[in-house]
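A.B. asks: Read off the chains here:
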Amino acid sequence: MPRPEIQKYKQHADVSDYPKGTVAPAGYLVTDSSGWRSERPALDINLCKGCFRCYLFCPDASIEKLGKKVGIDLRFCKGCGICSVECKFGAIKMVKENI
Amino acid sequence: MSGANNKRFISGNEAVAEGVRLARPHVISAYPITPQTTVVERLADMVADGSLKTEFMYVESEHSALSALIGASAMGARTFTATSSQGLLYMAECLHYASGGRFPIVMMNANRSVALPWNILGDQRDSLSLLDSGWIQAYAADAQEALDFTIQAFAIAEHSDVLTPFMVNLDGFVLTHTYEAVSLPSQEDVDKFLPKFVTANKLDLDSPKSLGFTAGAGDNTEFKYLQHKAMQSAPGVINETELRFNSIFKRERRGLLESYLADDAEYIIITLGSVAGTVKTVVDALRAQGIKAGLVRLRYIRPFPAKEIAQICENAKAIGVLEKDISFGYEGTVYTNVKSALFDAGIIKPSHNFVAGLGGRDIPREDIFKIFNILSTRGDREEKVHFVGLKQK
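Those protein sequences? They're chains A and X, same order as listed. Here the first sequence is numbered in the numbering used here, starting from 1 and rising by one per residue. Here the second sequence is numbered in the numbering used here, starting from 1 and rising by one per residue.
One or more of the hints may lead you astray.
[Unchecked claim] Taking lysine-lysine pairs in the DSS-like style, the calculated list, with each CA pair at most 30 Å apart, reads:
(1) A/K49 - A/K68
(2) A/K49 - A/K20
(3) A/K10 - X/K224
(4) A/K20 - X/K307
(5) A/K20 - X/K280
(6) A/K8 - X/K209
(7) A/K10 - X/K209
(8) X/K209 - A/K78
(9) A/K65 - A/K8
(10) X/K202 - A/K20
(11) A/K20 - X/K196
(12) A/K10 - X/K202
(13) A/K20 - X/K229
(14) A/K20 - X/K192
(15) X/K317 - X/K280
[Stated by the list, open to error] Chain X residues, not near chain A, derived (Cβ > 10 Å throughout):
(16) M46
(17) G50
(18) S51
(19) Y58
(20) T178
(21) P195
(22) A217
(23) Y225
(24) Q311
(25) G359
(26) V388
[Said to hold, decoys possible] Not everything, but these chain X residues come out facing chain A in the computed CB check (under 8 Å):
(27) G100
(28) G101
(29) K209
(30) S210
(31) L211
(32) G212
(33) A215
(34) E222
(35) F223
(36) L226
Note that these hints are calculated values from the structure, not bench results. Source: prediction; values computed, not measured. Cβ atoms here follow ideal geometry from the backbone N, Cα and C, with glycine treated the same way.
Whole structure, please, built from the sequences with the hints as guidance.
C.D. replies: Here it is as structure tokens:
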């Protein structure tokens, strides 16, 4: 599944560059939220059964489907640990983020 | 409905409803309030009898009525609502949302007094207190003009240079509930006149957009500047729309203001709405006595016809502004706007403000004669704001 790309917000140089009304192309992500984390989910892919329980529970849609298993998009993971709690197979462990 | 110009004996409110039916809005959302109610009733009748195909949303408040239309407009729908007085004030927050989001919603407002004291009769304190909400504001003088404004409103508001919501104002009861012979255009002609509403400012599955977003200090000024420029471009669009409208429907009225014997007048009353009819009869009577009286009726107050006012008033001896409004402690808002226009043009004349018709008080001919008398006899140094007909022993 395609993940959103982070695009820098471009400052308009001239008033004529602005849209008529508050309308802009959708799907822009101007920044990631990875800096919010104190812990990160570490995935042991060998333990993942592909049940997608973590995918359903992740509040930030940071878990993606990679083939028959999952992957974690760390750009938008805030380190809440819900995936680790919900995984029935111990495939996701929370580890200290190196600051 | 057959024939190019079918005459019908209808009220101001019914004229608006007929105009809305002919404009074929996709969504109508409204909450009934006196004296607007019969607009909503007629539109509901039309939906029930199948002569109007629209999504008619019954909502629980005026705030919801306009909010629903903002959503509908953001889907590219042509939209209409109607309200009055307290209802207009209840949707005040949404007025700014609609204009700031550049959603060209058309609304009819029945001009009615604002509580307290509670009052359901007509004055203009509701809409004039919202002059800065970014809406085009037109004021009809009769039912025919109410119908014509309503149809034109969609063309003007939805024009890509304007994209600004449009408020058609009718004096409560005096105009909303008075019956007149009104020339009704055919559906075929209105379809010819009114282009399809096309906007890039909408939600679209094929081209996903983000709408109604935040703009902080870094970008806010630019959005507001563009709203300002859009309103400034409205007079040109109004002009070309009226020319097209008048040629199709055989009408004559046009311009941001109507001048009645004002070009050579020494004493001019500037006013708006239905009272202009009474002023005309007084102007005629005074002209018959050799007094050069004149009338300027503001058809639009946003955009404001500043240059036109200055041009007409250039040779006058005194100018009076008659309005159903007061900005407490100062003067009527229309008067402030008129004086600003004259000041910009370097025209300094004796001028007076006549606050009349509050809470539906009648403005009889005798009062208009008195106003012209004050204009022709008093200088500029005395009290300038007059509460017409104020009870004083």
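A.B. asks: Broken hints, numbered, in rising order?
C.D. replies: Going through the list in order, the structure violates hints 2, 5, 23 and respects the others.
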